[in-house]
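Engineer: Please build the complex by placing chain E on the supplied structure of chain F, with the hints as guidance.
Just so you know, the protein sequences line up as chains F and E, in that order.
With the numbering used here applied, the first sequence covers 1 to 278.
With the numbering used here applied, the second sequence covers 1 to 278.
Think of the hints as simulated: they come from the structure by calculation, not from any bench.
Misleading hints may appear alongside valid ones.
Said to hold, decoys possible - The calculated DSSO-like cross-link candidates involving lysine-lysine, where the alpha carbons are at most 30 angstroms apart (straight line), are:
id, chain 1, residue 1, chain 2, residue 2
1, F, 40, F, 4
2, E, 4, E, 40
3, E, 40, F, 40
4, E, 4, E, 142
5, F, 142, E, 4
6, E, 142, E, 40
7, F, 142, E, 142
8, F, 4, F, 142
9, F, 40, F, 142
As the list claims (entries may be wrong) - Now the stretches of chain F that chain E is said to cover, found in silico as 3 or more residues with beta-carbon under 8 angstroms:
id, segment
10, 163-171
11, 192-202
12, 213-226
All C-beta atoms in this analysis are idealised placements derived from N, C-alpha and C, irrespective of residue type, glycine included.
Number of protein chains: 2
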Amino acid sequence: LVDKRSARWAERVFVIEGVELVRAALDAEVVLEGVYVGAKGTEHSEVADLISRALGCGLRVYDLGPGVLERVADTVTPQPVLAIGAMVDVALDRAVSAAGLAVVCVDVRDPGNLGTVLRTADAAGAAAVICCGGTVDVYNPKTVRASAGSLFHVPVVVTAEPLATVSALSDAGLVLVGALAHGGDDYTSIDWSAPTALVLGNEASGLPEALVAQLDRRASIALEGAAESLNVSVAGAVLCFEALRQRRARMQAPTRSADPVASTMPEMSEHGTEAGPE
Amino acid sequence: LVDKRSARWAERVFVIEGVELVRAALDAEVVLEGVYVGAKGTEHSEVADLISRALGCGLRVYDLGPGVLERVADTVTPQPVLAIGAMVDVALDRAVSAAGLAVVCVDVRDPGNLGTVLRTADAAGAAAVICCGGTVDVYNPKTVRASAGSLFHVPVVVTAEPLATVSALSDAGLVLVGALAHGGDDYTSIDWSAPTALVLGNEASGLPEALVAQLDRRASIALEGAAESLNVSVAGAVLCFEALRQRRARMQAPTRSADPVASTMPEMSEHGTEAGPE
Numbered sequence: 001l002v003d004k005r006s007a008r009w010a011e012r013v014f015v016i017e018g019v020e021l022v023r024a025a026l027d028a029e030v031v032l033e034g035v036y037v038g039a040k041g042t043e044h045s046e047v048a049d050l051i052s053r054a055l056g057c058g059l060r061v062y063d064l065g066p067g068v069l070e071r072v073a074d075t076v077t078p079q080p081v082l083a084i085g086a087m088v089d090v091a092l093d094r095a096v097s098a099a100g101l102a103v104v105c106v107d108v109r110d111p112g113n114l115g116t117v118l119r120t121a122d123a124a125g126a127a128a129v130i131c132c133g134g135t136v137d138v139y140n141p142k143t144v145r146a147s148a149g150s151l152f153h154v155p156v157v158v159t160a161e162p163l164a165t166v167s168a169l170s171d172a173g174l175v176l177v178g179a180l181a182h183g184g185d186d187y188t189s190i191d192w193s194a195p196t197a198l199v200l201g202n203e204a205s206g207l208p209e210a211l212v213a214q215l216d217r218r219a220s221i222a223l224e225g226a227a228e229s230l231n232v233s234v235a236g237a238v239l240c241f242e243a244l245r246q247r248r249a250r251m252q253a254p255t256r257s258a259d260p261v262a263s264t265m266p267e268m269s270e271h272g273t274e275a276g277p278e
Numbered sequence: 001l002v003d004k005r006s007a008r009w010a011e012r013v014f015v016i017e018g019v020e021l022v023r024a025a026l027d028a029e030v031v032l033e034g035v036y037v038g039a040k041g042t043e044h045s046e047v048a049d050l051i052s053r054a055l056g057c058g059l060r061v062y063d064l065g066p067g068v069l070e071r072v073a074d075t076v077t078p079q080p081v082l083a084i085g086a087m088v089d090v091a092l093d094r095a096v097s098a099a100g101l102a103v104v105c106v107d108v109r110d111p112g113n114l115g116t117v118l119r120t121a122d123a124a125g126a127a128a129v130i131c132c133g134g135t136v137d138v139y140n141p142k143t144v145r146a147s148a149g150s151l152f153h154v155p156v157v158v159t160a161e162p163l164a165t166v167s168a169l170s171d172a173g174l175v176l177v178g179a180l181a182h183g184g185d186d187y188t189s190i191d192w193s194a195p196t197a198l199v200l201g202n203e204a205s206g207l208p209e210a211l212v213a214q215l216d217r218r219a220s221i222a223l224e225g226a227a228e229s230l231n232v233s234v235a236g237a238v239l240c241f242e243a244l245r246q247r248r249a250r251m252q253a254p255t256r257s258a259d260p261v262a263s264t265m266p267e268m269s270e271h272g273t274e275a276g277p278e
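Pulled out of the complex, with its shape left as it was, chain F reads as follows (with noise of 0.2 angstroms):
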């Protein structure tokens, strides 16, 4: 099958593992050229329901002999059932024009983090993730998997040159807020309710000079303990999730602060009351 990147990118479809992937494949409606059973899938009642419903969409539906599955499939123990799906990347326009969170990825080379990244920035309310630089192929068995479905939900965008892709995104008005491991400001002082590019870097290197050259804010996360950085996909979903939580608390309260964290203020949070009579 397609079990190589150059492979997957020259007939632009890739494998999607597992009832799982292939059930939120079929929800997010992407385009699948089809299933493909193991010998004994069907035993498998959820399988047997997948299977009805592919079939019902018109998809064409393969059984594989005893041995098949095995041999294509990524993991050690296969899944009963896979499919190949036409890929889903989008152009950097659509993230470009679009408000809140992107993350942009660059150079990161873990499959499992990407997958991760992705699966945490669909969970941030992120409104794109932009693959570019040596980030590993967002389509690689593990990162489809890895991203337990977010690959469906938000858009993916796939680049080549990393200063260009940010440069097309401060055009478009987001503040490029880069994460740094050491040296940049408090990420919990950065005001993240402007429409914002998060940018990652690589696993050990980070990110590269000439970026953060270009970068409008540089967070990092001070970090206590003997641990001297922290997986990226981590920093990423620390980072996320404050951009969250800041735009959350600046909603409870539009008319009282325009400060993006005044209303963490007991009185000002939904659960006020547990802070007891005042």
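Structural biologist: Chain E in isolation, oriented as in the chain F frame:
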């Protein structure tokens, strides 16, 4: 060597792979039984430096023939050096007596997730990580690797029975806060400033009902987008860093207010000057 959980625990030793991890183990004064160097390992200057240091500590260093390291190492492209170290976990008493935040993993099954929890807990200043129930072995090579050395920094406890473990933590005065995918209180509304045990559950099924019944608080992270849930290590990170944010905010403004989030008001923030003249 000791590539199985049962073999590791019979000998109470585990494998530490790679220059960075062996160096972190030496820094943390982990008791090492031996250091093993691959056939061409000493061609790397950092490996040669590490061997010098190990020999200087009185450790035994073994040169392995071609192909040997490749067979015992967990990674596909093995590191040029590994060490066998004595297990580092401590008794529950030590974690119980610690102030601040303890992270409890109940049935966390993915070794990479557990390692990331260790790394994140360390970085967020947690006093301990407690592994219980069906949680994967903390000495699994993938866990050790994903911890990025934090296994040697943060006190780790391995216990069996989750209910007995959280009871002991509760008896010691820790507030039990469980992470629930749905139905809990907004995590930003919870006061994380008291000594707290953050309890994380299984990737698919979350926390057992009997344990949820023991909790003092249930924390949930309300999600945007279409993602159904967060990766457990990501959820743990968002919660640990919210706890840290609140603790830091409280430390900045100890006389102004007892409320842990009050100091995020702009005039109290150490970054308050960014709000401009008032």
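Engineer: Of the numbered hints stated previously, which ones are contradicted by the structure, given in increasing order?
Structural biologist: 3, 10, 11
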